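In the order they appear, the protein sequences are chains L and E.
The opening residue of the first sequence carries number 1 in our numbering; numbering runs sequentially from there.
The opening residue of the second sequence carries number 1001 in our numbering; numbering runs sequentially from there.
Honestly, the hints are just simulated from the structure, not real lab data.
A couple of the hints might just be wrong.
[Unchecked claim] Where chain L lies over chain E, by a calculated footprint (3+ residues, C-beta under 8 Å):
1) 1043-1050
2) 1053-1063
3) 1099-1106
All values derive from a computational prediction rather than experimental measurement.
Positions of the beta carbon are idealized from the N, C-alpha and C atoms, including for glycine.
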Amino acid sequence: RKEVEQDPGPFNVPEGATVAFNCTYSNSASQSFFWYRQDCRKEPKLLMSVYSSGNEDGRFTAQLNRASQYISLLIRDSKLSDSATYLCVVRWTGFQKLVFGTGTRLLVSP
Amino acid sequence: EPEVTQTPSHQVTQMGQEVILRCVPISNHLYFYWYRQILGQKVEFLVSFYNNEISEKSEIFDDQFSVERPDGSNFTLKIRSTKLEDSAMYFCASSSHGGVEQFFGPGTRLTVL
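Based on the sequences and whatever the hints tell you, model everything.
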C-alpha cells in the first residue's frame, strides 16, 4: 500500500523562526514529490516540487532522501502569512494520481 | 495567471439525488482530475481523464460516479444517487502533461442531507 505520513502538528512558532517538516513515504518506486499548502477550507496550492538534489525557493527549501524515503520542507524567517497546512504529496511511478499526506499544520504567531 | 475554476462553490442536495459538479481546467492543459476531501481528512484521488477517456480511477470512483468533457472547456463530475457519505469538498485539477504539477480549482462543497 502506498502511503504518505506526516506529523499533523500543530507547530506553533513565532514570527522569524525557522521551522522544518518531514514526511515519509512507503514505497521506493516513487517518481515525483511536491509540497502543497492548504489554507482552511481552500484548495491545495502548489508550493514547490522537490528535486533529488534539493531545491530552494526564497525562504523555502525542500530536500529529498530516497534512501530513507523522506522529504523535508524548511521555512526560514517565518511570516504570519505562512500559517497554513503543508501537504506532502507523492506521485508513484506508473500512476498519474497524487497521493496526499494528512498535512502538517503551522501556526505563526506575532 | 490562468487558473482552474469550479461551479457551484456550494451544492446542497437530498440523499438519492443526482448532482453535477463543473470545472473549467486551465486552457492548454491536457490532463484533468477530480479529488475529494472529507472534512478533517486528507485529499483523496478519484479519477484522471486524458484524451476523452478515464486513464486512472480509485476504489472510491464506483458506478455512482462518472466524468465527462462535454465540450472543449468544461469537465464534469456526476454523482448519480448521492449518499450522506458523499458530503465533501470536491476539487478539480489539471496539468499540462501526466506526471507534472497539478493545479487545483477552488472546490465545490457538496452537502448531502
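Now the hints, each set against the structure:
Taking a C-beta to C-beta cut-off of 8 Å, the stretch 1043-1050 of chain E contributes 5 residues in contact with chain L, enough for the three needed, and the coverage statement holds. For the stretch 1053-1063 of chain E, the stated coverage by chain L is satisfied: 3 residues place a CB nearer than 8 Å to a CB of that chain, which reaches the threshold of 3. With a threshold of 8 Å between beta carbons, the proposed coverage of the stretch 1099-1106 of chain E by chain L holds, since 8 of its residues qualify and at least three are required.
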